[in-house]
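Here are the chains, one letter per residue:
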Amino acid sequence: MTDPSSPSDTGETLPERTPTEWHSNAMQRRIRRRYARERRFRFFGLAALVLAAGFLAFLLFTIVSDGWRGFQRAEVAVEVTYVEDELTAESGSLARADYRTLLRRDLREQFGTERVASEGAWLRLRERMEENPGLLGQTERVWVVASPEVDLMAKGDVDFTLPAERRVVDDEMVEDYRDLRESDRVRLAFNSGFLSRADSTSSELAGVWGALIGSILTILVTLAISFPIGVMTAVYLEEYAPKNRITDIIEVSINNLAAVPSIIFGLLGLAVFLNFFGMPRSAPLVGGLTLALMTLPVIVIAARVALQSVPPSIKDAALGVGASRLQVISHHVLPVALPGILTGTIIGVSRALGETAPLLLIGMRAFVSDIPEGVTQPATVLPVQIFLWSDEVGRGFIEKTSAAIMVLLAVLLSMNALAIYLRNKFERRW
Amino acid sequence: MAEYDTETVVHEEMTLRNDAKMTARDVSVFYGQKQAVRSVSIDVDSHYVTAFIGPSGCGKSTFLRCFNRMNDTIDIARVEGDIDLDGRDIYDPKMDVVQLRARVGMVFQKPNPFPKSIYENIAYGPRIHGLAESKTDMDRIVETSLQRAGLWNEVKDRLDESGTALSGGQQQRLCIARAIAVDPEVILMDEPCSALDPIATAKVEELIDELQGRYAIVIVTHNMQQAARVSQRTAFFHLGHLVEYGPTDEIFTNPKADRTRDYITGRFG
Amino acid sequence: MSSPPSPPGHTVKSFDDDLRSLRSMIGRMGGLARKQLDDSIEALLTSDEEAADRICAKDKELDEMEMEAEAYAISIIARRAPMAGDLREVIAALKIGSVIERVGDYAKNCARRVSVLAGHVDRGVHPGIAEMARMASSLLDDALTSFAQRDSELAKKVAAGDEAIDDYYESLFQALLAQIAEDPNQTATATHFIFIIKNLERVGDHATNIAEMVHYSATGDHIADRPKGGDATEISLPL
Chain A
1 MTDPSSPSDT
11 GETLPERTPT
21 EWHSNAMQRR
31 IRRRYARERR
41 FRFFGLAALV
51 LAAGFLAFLL
61 FTIVSDGWRG
71 FQRAEVAVEV
81 TYVEDELTAE
91 SGSLARADYR
101 TLLRRDLREQ
111 FGTERVASEG
121 AWLRLRERME
131 ENPGLLGQTE
141 RVWVVASPEV
151 DLMAKGDVDF
161 TLPAERRVVD
171 DEMVEDYRDL
181 RESDRVRLAF
191 NSGFLSRADS
201 TSSELAGVWG
211 ALIGSILTIL
221 VTLAISFPIG
231 VMTAVYLEEY
241 APKNRITDII
251 EVSINNLAAV
261 PSIIFGLLGL
271 AVFLNFFGMP
281 RSAPLVGGLT
291 LALMTLPVIV
301 IAARVALQSV
311 PPSIKDAALG
321 VGASRLQVIS
331 HHVLPVALPG
341 ILTGTIIGVS
351 RALGETAPLL
361 LIGMRAFVSD
371 IPEGVTQPAT
381 VLPVQIFLWS
391 DEVGRGFIEK
401 TSAAIMVLLA
411 VLLSMNALAI
421 YLRNKFERRW
Chain Y
1 MAEYDTETVV
11 HEEMTLRNDA
21 KMTARDVSVF
31 YGQKQAVRSV
41 SIDVDSHYVT
51 AFIGPSGCGK
61 STFLRCFNRM
71 NDTIDIARVE
81 GDIDLDGRDI
91 YDPKMDVVQL
101 RARVGMVFQK
111 PNPFPKSIYE
121 NIAYGPRIHG
131 LAESKTDMDR
141 IVETSLQRAG
151 LWNEVKDRLD
161 ESGTALSGGQ
171 QQRLCIARAI
181 AVDPEVILMD
191 EPCSALDPIA
201 TAKVEELIDE
211 LQGRYAIVIV
221 THNMQQAARV
231 SQRTAFFHLG
241 HLVEYGPTDE
251 IFTNPKADRT
261 RDYITGRFG
Chain L
1 MSSPPSPPGH
11 TVKSFDDDLR
21 SLRSMIGRMG
31 GLARKQLDDS
41 IEALLTSDEE
51 AADRICAKDK
61 ELDEMEMEAE
71 AYAISIIARR
81 APMAGDLREV
91 IAALKIGSVI
101 ERVGDYAKNC
111 ARRVSVLAGH
121 VDRGVHPGIA
131 EMARMASSLL
141 DDALTSFAQR
151 DSELAKKVAA
161 GDEAIDDYYE
171 SLFQALLAQI
181 AEDPNQTATA
191 THFIFIIKNL
201 ERVGDHATNI
211 AEMVHYSATG
221 DHIADRPKGG
231 DATEISLPL
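Chains as they are written, first to last, in the UniProt record's numbering: chain A, 1 to 430; chain Y, 1 to 269; chain L, 1 to 239.
No wet-lab data here; the hints were simulated from the structure.
Some hints could be false.
Unchecked claim - Just a sample of chain Y residues kept apart from chain A, beta carbon distances all over 10 Å, derived:
| hint | residue |
| --- | --- |
| 1 | Asp75 |
| 2 | Glu80 |
| 3 | Asp86 |
| 4 | Lys110 |
| 5 | Pro115 |
| 6 | Met138 |
| 7 | Glu143 |
| 8 | Arg148 |
| 9 | Gly150 |
| 10 | Arg178 |
| 11 | Ala179 |
| 12 | Ala202 |
| 13 | Gln225 |
To be verified - If you anchor each label on the Cβ, the simulated ranges turn out as follows:
| hint | chain 1 | residue 1 | chain 2 | residue 2 | range |
| --- | --- | --- | --- | --- | --- |
| 14 | Y | Asp160 | A | Asn256 | 46 to 52 Å |
| 15 | L | Lys13 | Y | Asp157 | 24 to 30 Å |
| 16 | L | Arg134 | Y | Ser194 | 27 to 33 Å |
| 17 | L | Ile74 | Y | Glu80 | 39 to 45 Å |
Built from N, CA and C at the ideal position, the CB exists for glycine as well.
Starting from the given sequences, assemble the full structure and let the hints guide the process.
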């Protein structure tokens, strides 16, 4: 406050300022330069955006253009006669019937070769019989999975103009395929097996369902461990812990932990869970625990930020009507912070879902052709499955890899959508 | 700024008695090394609205927050001296803070309804203190509290709407209703109108006027006119000292301390 | 004649109570001042010296009431910070209070002359004074009513009604001057009567002042200037 007796206008003359020339040439130039700078700045921003969008579009285009065929498979029509004697010839019962030999015979009779159908094509016959036992002794036309070569040709991946040595299929197969086409006994159909089967050595039979279940089990373990521990840690640090050197160090450590490369967590999991505790290899339990270690700091940080953003006025209000500390936290702070905590958790878990490196170290790279039924059974997860397929030599696995990437992306996108939905649902307006 | 003496001027009517609703004796508050309130003694009477005025940072809000121990929530705050409620020391370790805060309600600067329904906002306090035996009981508490806060007619048809959907002034009256719902003996108001427009302010002031006599009310305000309008007792704080305490009429027409005079006439700040 | 619609009450109801109290204080003061005036003329006409003493003593009460009203108005200004019509009303009340106090002084002034004039009954002037006092008193009453009811129409009428009193004053003044001219022994008595009618004329002026203030307080506008009459300087002395 100025003293009222200290006058600001004692008559002291300030140095005169020459009036600013707002219309002078120098001023005009300055204005033009400023506009130019503005335009350049905007252009660079736009260019960066276009570049990023271009990369993303290219990535999506390659994956989808390769991957969409992974959801398709070629099928071959075979006239099958379910002869009871032949089916039960070896095992003596229908339950363990030998469809394989039956199909081979029919294939040979109709096409002169077995190579048009997949090795696992007989599975379709068993399904038919299980659906309708009355078919025994009857004859019907069945669409069975085609062999990889027929699959490639049906999808147009084979250039018939090339000489035989430089094609993946020999002339004989090409002839067989031409015959199939002429008799209209080959078609492209939706590959339902891709979404319902586990891994296989034959590309036309390999599916992602096993890996997807493995991923879900692993993530459930991760969530069950890291969410409660992470939230409780955050609540303690935010609401109870005094602010001193020790809590400062803890905070820095948590932040650093979030930045540790994931493979380090894999080594940790290997050392602690497998070697020390002797847990089963390749199991979702161990994978989930390892990923939980990795996700924990992310959840703690997200939850702390969410708790910090709860307006203190709400806490004051609750304290003001005489709520205890526990009541303040459980009735007011957590409900308000929940959307933020959930968003952070889902982002952390999404990251865990896409993680490959630590899981490779704890043995989840094994070939698993069964769908896991529990957290202690061997399993693989989607990103590891993608990694494994990308290593395969079989021509058919290329499209499977891309198709599996599409499945993984779909899962991740739906988890992010869930995060947004939860945030909007629980978010309260002030 | 001119030198002023730091003696507290207490008007005759305000001479300290120990039978007042709340009494503060030689209360000092420290924030770490900084002393925010310097040895303040004051009585709060049941039947009057007492206003604390003074320039920003004079310690009036800090002092107010001693009366229901809200300063406890600040790690570095330390309170010295005695504050009694009905002759019992509220800083006694045996005093239950939760119950104290129910008996000494508080209304804050910014309207802070819970992000819940209007009904829940009122019912929350009575529920955690177990004041309602049944749903009917609770309904009655909610209705009377809202009625006393002059809000019933405005919200009775939308009790399940969010409290945060109300206008600022309504929110503040909702907060007052929420404080009333736990049947307090004293209501502390920390600049309750500073975030409100003049009309909403007038409504809150009218409400304070209505509540006067039923509860002991202490209001902190940086708006001198508001203190003049709603209070019967005014205490002027400056730099942590209580400078003058007297009947509002006297303080605003014939202040005895030079600092009070200069402050209310706008000669320093 | 209808009074203008009164504005809706204040959100803070006790503000209305404050204004009402102030108005009723002024009303009570006005009532007392009027009674003092009526009583003093009555005492003069009946040469009741005891009553005159009582009137002089009672003026103290009026002074106290004025101080009380003034303190109350100041407190309202300090506590309520009135604005617009409220502000005009409080200021008008303040001024009207002091005007009423002046009227009380005039009444006391008349009462003090009762002992001097006792026994000097003047049949020629008395009926005129009685009538003039009645008119001044009723004008004052109208002015106070207009304040109590915030009635700007009535106030306007009061402001115009002063002229009749001025006319009376002039004729009585002339009559008294004539008396002095006729019989110089009567000079002292007649001069006392001149002062009394002068006082009554002033009461009329003050009633007008009150009415003007009421009009301003109620509408925010001043009554258009009216020619001020009743000034003795305008009267040519019969030389």
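Earlier hints that do not hold, by number: Per hint list: 1, 4, 5, 10, 11, 16 violated.
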